[in-house]
Amino acid sequence: MKIVVCVNHVPDTETKVKVGSDGVSIDKTGVNFIMNPYDEFGVEEALRVKQKHGGEVTAVSLGGDTHKETLRKALAMGVDKAVLLKDDSPRDSLSVAKALADYLKGISPDVLFFGKQSIDSDNGAVGSMVAELLGMPSVNVVVKLEIEGTTVKAEREIEGGHEKVETRLPVVITAQKGLNEPRYPSLKGIMAAKSKPIEEITPTPASLHVEVLAMRKPPAKSAGKILGTDASAVAELVRLLHEEAKVL
Amino acid sequence: MKILAFAEQRDNAFRKSAFETVTAGRKLAGESGAELVALVIGGKVSPIAESLGSYGAARVLVVEEAKLQRYSTTAYAKVVAEVAAKEKADILLLPATAMGKDLAPRVAVKLEAGLAADCTALAWVDGNVEATRPVYAGKALLDVRIGTPRKVFTLRPNVFTAEKAGDSKAAVEQCAISLGDADYSVQVKEVAQSSGRLDVAEADIVVSGGRGLKGPENFKMIEELAGVLGAAVGASRAVVDAGWRPHDEQVGQTGKTVSPSLYIAVGISGAIQHLAGMSSSKYIVAINKDKDAPIFGVADYGIVGDAFEVVPALTQEVKKLLGK
Numbered sequence: 001m002k003i004v005v006c007v008n009h010v011p012d013t014e015t016k017v018k019v020g021s022d023g024v025s026i027d028k029t030g031v032n033f034i035m036n037p038y039d040e041f042g043v044e045e046a047l048r049v050k051q052k053h054g055g056e057v058t059a060v061s062l063g064g065d066t067h068k069e070t071l072r073k074a075l076a077m078g079v080d081k082a083v084l085l086k087d088d089s090p091r092d093s094l095s096v097a098k099a100l101a102d103y104l105k106g107i108s109p110d111v112l113f114f115g116k117q118s119i120d121s122d123n124g125a126v127g128s129m130v131a132e133l134l135g136m137p138s139v140n141v142v143v144k145l146e147i148e149g150t151t152v153k154a155e156r157e158i159e160g161g162h163e164k165v166e167t168r169l170p171v172v173i174t175a176q177k178g179l180n181e182p183r184y185p186s187l188k189g190i191m192a193a194k195s196k197p198i199e200e201i202t203p204t205p206a207s208l209h210v211e212v213l214a215m216r217k218p219p220a221k222s223a224g225k226i227l228g229t230d231a232s233a234v235a236e237l238v239r240l241l242h243e244e245a246k247v248l
Numbered sequence: 001m002k003i004l005a006f007a008e009q010r011d012n013a014f015r016k017s018a019f020e021t022v023t024a025g026r027k028l029a030g031e032s033g034a035e036l037v038a039l040v041i042g043g044k045v046s047p048i049a050e051s052l053g054s055y056g057a058a059r060v061l062v063v064e065e066a067k068l069q070r071y072s073t074t075a076y077a078k079v080v081a082e083v084a085a086k087e088k089a090d091i092l093l094l095p096a097t098a099m100g101k102d103l104a105p106r107v108a109v110k111l112e113a114g115l116a117a118d119c120t121a122l123a124w125v126d127g128n129v130e131a132t133r134p135v136y137a138g139k140a141l142l143d144v145r146i147g148t149p150r151k152v153f154t155l156r157p158n159v160f161t162a163e164k165a166g167d168s169k170a171a172v173e174q175c176a177i178s179l180g181d182a183d184y185s186v187q188v189k190e191v192a193q194s195s196g197r198l199d200v201a202e203a204d205i206v207v208s209g210g211r212g213l214k215g216p217e218n219f220k221m222i223e224e225l226a227g228v229l230g231a232a233v234g235a236s237r238a239v240v241d242a243g244w245r246p247h248d249e250q251v252g253q254t255g256k257t258v259s260p261s262l263y264i265a266v267g268i269s270g271a272i273q274h275l276a277g278m279s280s281s282k283y284i285v286a287i288n289k290d291k292d293a294p295i296f297g298v299a300d301y302g303i304v305g306d307a308f309e310v311v312p313a314l315t316q317e318v319k320k321l322l323g324k
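Residue numbers (this note's numbering), protein chains in the order written: chain A, 1 to 248; chain B, 1 to 324.
Each hint should be verified, as a subset may be incorrect.
Unchecked claim - Keeping only pairs whose Cα atoms sit at most 25 Å apart, straight-line, the calculated PhoX-like set for lysine-lysine is: (1) B:K282 <-> A:K18; (2) B:K282 <-> A:K217; (3) A:K225 <-> B:K320; (4) A:K16 <-> B:K44; (5) B:K289 <-> A:K164; (6) A:K52 <-> A:K217; (7) A:K246 <-> B:K324; (8) B:K289 <-> A:K225; (9) A:K225 <-> B:K189; (10) A:K86 <-> A:K105; (11) B:K220 <-> B:K289; (12) A:K144 <-> B:K189; (13) B:K282 <-> A:K246; (14) B:K291 <-> A:K221; (15) A:K246 <-> B:K319; (16) B:K44 <-> A:K246; (17) A:K81 <-> A:K196; (18) A:K246 <-> B:K164; (19) A:K16 <-> A:K217; (20) B:K67 <-> A:K164; (21) A:K225 <-> B:K282; (22) A:K68 <-> A:K217; (23) A:K221 <-> B:K289; (24) A:K225 <-> A:K52; (25) A:K217 <-> A:K2; (26) B:K291 <-> A:K225; (27) A:K246 <-> B:K320; (28) A:K153 <-> A:K50; (29) B:K44 <-> A:K164; (30) B:K110 <-> A:K105; (31) A:K188 <-> A:K68; (32) B:K16 <-> A:K16; (33) A:K164 <-> B:K189; (34) A:K153 <-> B:K67.
Claimed, not checked - Pairwise CB distance ranges (calculated): (35) B:G323 <-> A:E236: 16 to 22 Å; (36) B:G243 <-> A:G106: 38 to 44 Å; (37) A:K28 <-> B:K319: 36 to 42 Å; (38) B:Q193 <-> A:K225: 19 to 25 Å; (39) A:E243 <-> B:K2: 25 to 31 Å; (40) B:K2 <-> A:G106: 35 to 41 Å.
Think of the hints as simulated: they come from the structure by calculation, not from any bench.
Because the structure is a prediction, the values reported are computed rather than measured.
Think of the CB as a built atom: it goes at the ideal place given N, C-alpha and C, for glycine as much as any other residue.
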């Protein structure tokens with residue numbers, strides 16, 4: 001089975017976002033970058049599918065040289081190959097998807113994993129777009145996956161429940177927290193990953209479909225009233241919620 | 001100029017997001033003189049379609065087929081894109097719900113359109129739609145403009161208010177799109193609803209608990225307060241990672257971003273990734289023992305006290321107010 005997992009390299013969740021000097025992206029000074037957390041579930045599931053069905057797992061990332069750090073992590077977790085589509089020009093989700101799809105066309109993966117969204121741009125669109133560009137079925141926000149022969153059964157999260165979805169290989173799956181518990185790379189894995197090659201490929205140049213006019217901080221919320229230090233403050237709280245906030 | 005608003009339904013009943021999407025479309029149309037058309041897809045949706053008139057859709061297109069009763073990513077995406085092309089719609093609005101987020105990227109590819117996902121504001125500026133969308137789970141906002149001739153926007157639930165514009169009934173038109181078996185390559189077989197649980201991303205009130213509750217058994221009092229308020233139960237990442245609560249309740253950067261009218265945080269200190277996910281709530285109440293907890297920095301009302309004492313008292317007081 002040919003298994004591919006796409007991974008992104010993003011600021012970690014502790015990052016305090018500052019707007020950069022260009023006014024349209026973040027100030028990267030002092031920011032710690034990590035493998036996109038949802039992509040970790042994708043890598044883990046890719047390795048589990050390989051374990052069960054055999055084959056090879058390739059991790060692919062689109063971005064600058066810094067993305068090699070995340071590809072090394074994927075190698076350390078156990079993927080067989082890593083490919084960097086080396087280009088760090090700004091892209092919207094459709095131009096990311098086009099570059100990935102152009103590369104993946106030549107690979108024809110049986111199962112193609114993504115995280116359900118990148119925690120930087122929060123579009124949650126690239127997986128589905130790649131699927132559409134490659135004419136593949138897709139199941140998004142997946143918390144359970146079973147592959148038997150060419151039949152794919154997946155459960156995806158929806159509002160207040162799960163949808164049980166059926167489709168066939170080849171398929172695109174976007175991973176949600178809960179799909180699995182991603183492994184920690186072993187020391188041996190980390191050491192081995194250091195010497196594994198990362199293939200570099202020049203992707204399709206970016207064409208922009210969405211223009212970012214400005215990045216700004218949301219209006220700051222200021223601290224409100226402390227109403228008390230015990231249950232005696234509850235009556236006042238309910239009064240304020242009812243009369244001032246009018247939410248009760 | 002034409003705006004096509006996708007009105008989401010499940011089991012032949014509109015979801016709240018349908019009315020929000022149509023209302024947003026009406027407002028955008030009003031600002032620009034564009035025409036608004038709504039689209040409903042499903043198994044038997046004609047009877048409900050005309051009700052969209054009261055939210056401002058004069059014309060509602062219905063694509064109805066027994067097989068569309070259950071959601072199919074591929075079939076629905078084809079229908080939306082083909083209707084948009086047939087109607088020569090310039091702007092497509094979908095809700096940023098599980099269904100809308102699943103459809104919009106495929107529709108955007110089919111229409112060679114740029115996509116702005118999870119928008120929290122739309123406005124006409126110099127003959128173009130400018131959208132605001134949160135990134136980094138709300139730690140920053142982007143103002144964006146789509147440059148392609150056709151434009152796809154998904155709208156964050158609970159942000160665009162559904163408002164009736166009168167009580168007129170829409171003109172309902174059946175629209176035939178030919179679908180073959182291959183179009184149903186991704187098919188929902190079954191929907192497992194968690195019994196009566198509200199989703200944190202959709203609820204108007206959310207009561208969330210964190211590590212300050214000391215153990216999973218103590219979420220009972222959170223559930224009781226939520227029950228009285230008709231609220232959804234949320235949780236911090238710490239308690240989800242500890243296995244106390246299911247991950248679909250997690251609020252924050254690796255969970256759900258929520259904007260309810262009222263967010264009550266109990267025993268949650270307010271890590272930056274949690275604050276990012278809930279700071280856009282209209283009113284925030286914090287109940288925490290630690291007066292220095294960052295959550296008080298974003299709370300409108302705070303009680304620095306013991307949750308085990310305050311929460312049951314709050315449940316009683318709300319019951320009194322609501323006459324329950």
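How the hints compare with the structure:
1. B:K282 <-> A:K18: 24 Å, holds
2. B:K282 <-> A:K217: 17 Å, holds
3. A:K225 <-> B:K320: Holds - the C-alpha atoms of K320 (chain B) and K225 (chain A) are around 23 Å apart, at most 25 Å.
4. A:K16 <-> B:K44: With a Cα-Cα distance of about 48 Å, the restraint between K16 (chain A) and K44 (chain B) is violated, given a limit of 25 Å.
5. B:K289 <-> A:K164: Distance of about 42 Å is beyond 25 Å: violated.
6. A:K52 <-> A:K217: 46 Å, violated
7. A:K246 <-> B:K324: This hinted pair holds, its Cα atoms lying about 18 Å apart.
8. B:K289 <-> A:K225: This hinted pair holds, its Cα atoms lying about 15 Å apart.
9. A:K225 <-> B:K189: 50 Å, violated
10. A:K86 <-> A:K105: It holds: about 17 Å lies between the C-alpha atoms, which stays within 25 Å.
11. B:K220 <-> B:K289: OK: K220 (chain B) and K289 (chain B) at ~19 Å, within 25 Å.
12. A:K144 <-> B:K189: 14 Å, holds
13. B:K282 <-> A:K246: 11 Å, holds
14. B:K291 <-> A:K221: 17 Å, holds
15. A:K246 <-> B:K319: 16 Å, holds
16. B:K44 <-> A:K246: Violated: K44 (chain B) and K246 (chain A) sit about 38 Å apart, past 25 Å.
17. A:K81 <-> A:K196: 8 Å, holds
18. A:K246 <-> B:K164: Satisfied, since the Cα-Cα distance of roughly 21 Å is no more than 25 Å.
19. A:K16 <-> A:K217: 11 Å, holds
20. B:K67 <-> A:K164: OK: K67 (chain B) and K164 (chain A) at ~16 Å, within 25 Å.
21. A:K225 <-> B:K282: 15 Å, holds
22. A:K68 <-> A:K217: Since the Cα atoms of K68 (chain A) and K217 (chain A) sit roughly 30 Å apart, the hinted pair is violated (cutoff 25 Å).
23. A:K221 <-> B:K289: 21 Å, holds
24. A:K225 <-> A:K52: Violated. K225 (chain A) to K52 (chain A) sits at ~56 Å, over the 25 Å cutoff.
25. A:K217 <-> A:K2: Cα-Cα ~43 Å, so violated.
26. B:K291 <-> A:K225: Judged against 25 Å, a Cα distance of about 12 Å means the pair holds.
27. A:K246 <-> B:K320: Answer holds: K246 (chain A) to K320 (chain B) is near 16 Å, not above 25 Å.
28. A:K153 <-> A:K50: The hint holds at about 17 Å.
29. B:K44 <-> A:K164: Holds, at about 21 Å.
30. B:K110 <-> A:K105: Satisfied, since the Cα-Cα distance of roughly 17 Å is no more than 25 Å.
31. A:K188 <-> A:K68: 19 Å, holds
32. B:K16 <-> A:K16: 34 Å, violated
33. A:K164 <-> B:K189: Holds, because 6 Å separates the two Cα atoms, which is no more than 25 Å.
34. A:K153 <-> B:K67: Roughly 19 Å between the alpha carbons, so the hint for K153 (chain A) and K67 (chain B) holds.
35. B:G323 <-> A:E236: 16 to 22 Å: 20 Å, holds
36. B:G243 <-> A:G106: 38 to 44 Å: At 42 Å between Cβs, range holds.
37. A:K28 <-> B:K319: 36 to 42 Å: Once the Cβ atoms are compared, 51 Å apart, the range 36 to 42 Å for K319 (chain B) and K28 (chain A) is violated.
38. B:Q193 <-> A:K225: 19 to 25 Å: 39 Å, violated
39. A:E243 <-> B:K2: 25 to 31 Å: At 44 Å between Cβs, range violated.
40. B:K2 <-> A:G106: 35 to 41 Å: For G106 (chain A) against K2 (chain B), whose Cβ atoms are near 39 Å apart, the range 35 to 41 Å holds.
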